[in-house]
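Student: Sequence order for the protein chains is B and Y. Using my numbering, the final residue of the first sequence is 501, and nothing's skipped along the way. Using my numbering, the final residue of the second sequence is 501, and nothing's skipped along the way.
Keep in mind that a hint or two might mislead.
[To be verified] Chain Y regions said to be covered by chain B (calculated; three or more residues, Cβ under 8 Å):
#	region
1	130 to 143
2	180 to 187
3	231 to 240
4	308 to 316
5	378 to 385
To be clear, the hints were calculated from the coordinates, so they are not data collected in a lab. Model, not experiment: these values are computed from the prediction. Note that CB positions come from ideal geometry on N, CA and C, so glycine has one too.
Here's the letter readout for the chains.
Number of protein chains: 2
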Amino acid sequence: VLAAPDDIHQLRQTIGHAVSRADLVISSGGLGPTEDDLNRQVFADIWQLDLAEDAEAVYLMRQRFEVRGRTMPDSNRVQALIPIGAKTLQNHQGTAPGFFLERTEQLPALLALPGPPRELKPMFLQQAISLLTPHVQGRVFSRLRVVHLFGQPESTVNEAVQGVFRWNPLVHVGILARNYGIDLRIHARSSSDAETRSLVEETEKRIRSLVPPAWIYGYDDDTMPAAVMELLLQADARLATAESCTGGLIAKLMTDMPGSSQVFSQGLVTYSNASKLDWLGVSPDLLEGPEAPGAVSAEVAEAMVRGLALRTRAEVCLSVTGIAGPDGGTPSKPVGTVFVGLSAFGIVSVHPLKLVSDREMNRNLASLSALDLARRALMSRLRGSLAQT
Amino acid sequence: VLAAPDDIHQLRQTIGHAVSRADLVISSGGLGPTEDDLNRQVFADIWQLDLAEDAEAVYLMRQRFEVRGRTMPDSNRVQALIPIGAKTLQNHQGTAPGFFLERTEQLPALLALPGPPRELKPMFLQQAISLLTPHVQGRVFSRLRVVHLFGQPESTVNEAVQGVFRWNPLVHVGILARNYGIDLRIHARSSSDAETRSLVEETEKRIRSLVPPAWIYGYDDDTMPAAVMELLLQADARLATAESCTGGLIAKLMTDMPGSSQVFSQGLVTYSNASKLDWLGVSPDLLEGPEAPGAVSAEVAEAMVRGLALRTRAEVCLSVTGIAGPDGGTPSKPVGTVFVGLSAFGIVSVHPLKLVSDREMNRNLASLSALDLARRALMSRLRGSLAQT
Numbered sequence: 113v114l115a116a117p118d119d120i121h122q123l124r125q126t127i128g129h130a131v132s133r134a135d136l137v138i139s140s141g142g143l144g145p146t147e148d149d150l151n152r153q154v155f156a157d158i159w160q161l162d163l164a165e166d167a168e169a170v171y172l173m174r175q176r177f178e179v180r181g182r183t184m185p186d187s188n189r190v191q192a193l194i195p196i197g198a199k200t201l202q203n204h205q206g207t208a209p210g211f212f213l214e215r216t217e218q219l220p221a222l223l224a225l226p227g228p229p230r231e232l233k234p235m236f237l238q239q240a241i242s243l244l245t246p247h248v249q250g251r252v253f254s255r256l257r258v259v260h261l262f263g264q265p266e267s268t269v270n271e272a273v274q275g276v277f278r279w280n281p282l283v284h285v286g287i288l289a290r291n292y293g294i295d296l297r298i299h300a301r302s303s304s305d306a307e308t309r310s311l312v313e314e315t316e317k318r319i320r321s322l323v324p325p326a327w328i329y330g331y332d333d334d335t336m337p338a339a340v341m342e343l344l345l346q347a348d349a350r351l352a353t354a355e356s357c358t359g360g361l362i363a364k365l366m367t368d369m370p371g372s373s374q375v376f377s378q379g380l381v382t383y384s385n386a387s388k389l390d391w392l393g394v395s396p397d398l399l400e401g402p403e404a405p406g407a408v409s410a411e412v413a414e415a416m417v418r419g420l421a422l423r424t425r426a427e428v429c430l431s432v433t434g435i436a437g438p439d440g441g442t443p444s445k446p447v448g449t450v451f452v453g454l455s456a457f458g459i460v461s462v463h464p465l466k467l468v469s470d471r472e473m474n475r476n477l478a479s480l481s482a483l484d485l486a487r488r489a490l491m492s493r494l495r496g497s498l499a500q501t
Numbered sequence: 113v114l115a116a117p118d119d120i121h122q123l124r125q126t127i128g129h130a131v132s133r134a135d136l137v138i139s140s141g142g143l144g145p146t147e148d149d150l151n152r153q154v155f156a157d158i159w160q161l162d163l164a165e166d167a168e169a170v171y172l173m174r175q176r177f178e179v180r181g182r183t184m185p186d187s188n189r190v191q192a193l194i195p196i197g198a199k200t201l202q203n204h205q206g207t208a209p210g211f212f213l214e215r216t217e218q219l220p221a222l223l224a225l226p227g228p229p230r231e232l233k234p235m236f237l238q239q240a241i242s243l244l245t246p247h248v249q250g251r252v253f254s255r256l257r258v259v260h261l262f263g264q265p266e267s268t269v270n271e272a273v274q275g276v277f278r279w280n281p282l283v284h285v286g287i288l289a290r291n292y293g294i295d296l297r298i299h300a301r302s303s304s305d306a307e308t309r310s311l312v313e314e315t316e317k318r319i320r321s322l323v324p325p326a327w328i329y330g331y332d333d334d335t336m337p338a339a340v341m342e343l344l345l346q347a348d349a350r351l352a353t354a355e356s357c358t359g360g361l362i363a364k365l366m367t368d369m370p371g372s373s374q375v376f377s378q379g380l381v382t383y384s385n386a387s388k389l390d391w392l393g394v395s396p397d398l399l400e401g402p403e404a405p406g407a408v409s410a411e412v413a414e415a416m417v418r419g420l421a422l423r424t425r426a427e428v429c430l431s432v433t434g435i436a437g438p439d440g441g442t443p444s445k446p447v448g449t450v451f452v453g454l455s456a457f458g459i460v461s462v463h464p465l466k467l468v469s470d471r472e473m474n475r476n477l478a479s480l481s482a483l484d485l486a487r488r489a490l491m492s493r494l495r496g497s498l499a500q501t
């Protein structure tokens, strides 16, 4: 992997280096409309090909502007310039198309993709992969499976799954601390697709036998909010939130998902004391006064979630109050002190958290911890109703 | 810039390549406690140095666990192993310390940093830079200034500022489309600090003369939410939000900032029709029925923001309703149809948006557009009160 800044000399040198050593060069970025988008020109120079405008690309670009009620500035057309002989890869997520040049005797194959991930990824998966397949010889079947865990530090997970790291030389298991939890990445490679698949399955089974089931919230593209949404759908339940220190982050995470309106109906961001009183009916006796437990307390987390459950009638309610930092900490309630209130099918509980990171991570972990509590309550509920049938 | 996967052979090859070509090698990552954290060992091998435990690093690590009420697993101690003779860079944001090795006749200087940006950045800025300074010869003064713009496409900004791209060979101006707007990056380099500074200032002045003032919302580390917070503080005003399609994202963006409780008191995520009625008093006649404008309409955005202003008495209120996608679009209201309601110091207005991206970007742009409307209203207000004094 090579990287170079938007500078014509450094780009020429870096791309030249890649061309001299590889059979296939994949580039990302530098295809936009502006002064510092230079890749197109450097490729044309090195491959000694003239550039010509791709009419379909211009049409698609113009359409993008028209949908927004704007006229396309002429300077955008430079993006539609493609080396003659290259296959254009149309961009349906942005304006700059990519292109592909077949390998020749002197030069490697070239796949030029736009930089923004939201444009690059679909273009690669939907258009580029099929072009690259003929270039791959002596096929190796490779599979990746990611197991997502939450609630334990990396070192604890690492110790629990020691037995799986070297059970088979064709399988590599990696462990990664993410800002959303711990990932175990199972990567298997072999000469048969069936073998690769069974190696991954066997590894996953071994991991599941080594850790408590509740530690695992999902696989591959699963996320904590998606796990909660799936369980809410199964339980035919709705989630409502009342957030203080997380300030809308839980609501944001839930509504990031298409279809979340089926399970998430409403949320409150009661950041001030007055709003906890106005919207949730939290008693002023709990919030203020020398004897009051104060806004960051188990009592207020409980009053918030009880008020929310009463007003919304949602089956699962979460409240969060705490000190995200960097300011606001005291000796008895340092930064990272957080209380989560949970009301699940009529049962109310409060869970203290002690977080030790910065504001962003504290808010993130408080939100994920709250969702994890909802996840565990929903799992218990579903197991219970399964037992009854 | 070179990158390599967590594989001992590829790491050896990549680091070996760097060592043979550079006077200073900077690495990030691979210093953690797990099986695939291999950089420490590869460095020890290539530099032919034994590893020894750094007692302070073990102490700091253990402390991090104790604050959270946990016991440190012994497997964490491997992170405290540092090549003998290296200077340890303690990690105050995570567990793995970094280290620095001075250049020798045979080997380049080595700076090994942990991978997570939240650990790497402070370690680099607070500890590593001063170690690197003696290695930099023939000093060049370099300055970067970023101008943030919102509300115009990249190509429009590009055309407006054409005159600034090549006004001086010591200044490079780059333009970048970010998911939070358009950035103009002014980068000046010269042999004197004063000259570099004045080149940046002159370029910034030229940019300001080429675009309307309202396009620019900030510089360098400024963000749209921070610009709104600053203006709210100046106007001694509070912001409240009622969000449907953005689902709490505006509240999240505001409360990301320390000190936001001074200006942001509360927010509602009224995702369902019932919650728009319950919390904001939006009339059911607007929401349902064959003749009703429906939840995504200028009428409902207006009713939401009026209800919010009435109930919260906040000086600046924002409401957002729309179709973020991918589903829910109709021929008359396609995905990306969004209405923003603004109530600023008693004046109510509604602003339609037509967005053309995916769910995530549509929600992001709807939130930033709403905040941009609040920003412009606050600027007018502050200009007005300035004129009166």
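Student: Establish whether the coverage given for the region 231 to 240 of chain Y by chain B is satisfied; the threshold is a Cβ-Cβ distance below 8 Å, and no fewer than three residues must meet it.
Tutor: violated (count 0)
Student: If you count the residues of the region 308 to 316 of chain Y with a beta-carbon closer than 8 Å to a beta-carbon of chain B, do you get 3 or more?
Tutor: violated (count 0)
Student: Are three or more residues of the region 378 to 385 of chain Y within 8 Å, CB to CB, of chain B?
Tutor: It holds, with 7 qualifying residues against the three required.
Student: Cut-off 8 Å, C-beta pairs, minimum 3 residues; does the coverage of the region 130 to 143 of chain Y by chain B stand?
Tutor: Result for this restraint: violated, n = 0.
Student: Checking C-beta pairs, does the region 180 to 187 of chain Y have three or more residues closer than 8 Å to chain B?
Tutor: Holds, because 6 residues of the region 180 to 187 of chain Y bring their Cβ atoms closer than 8 Å to Cβ atoms of chain B.
The structure is inconsistent with the numbered hints 1, 3 and 4, although it conforms to all the rest.
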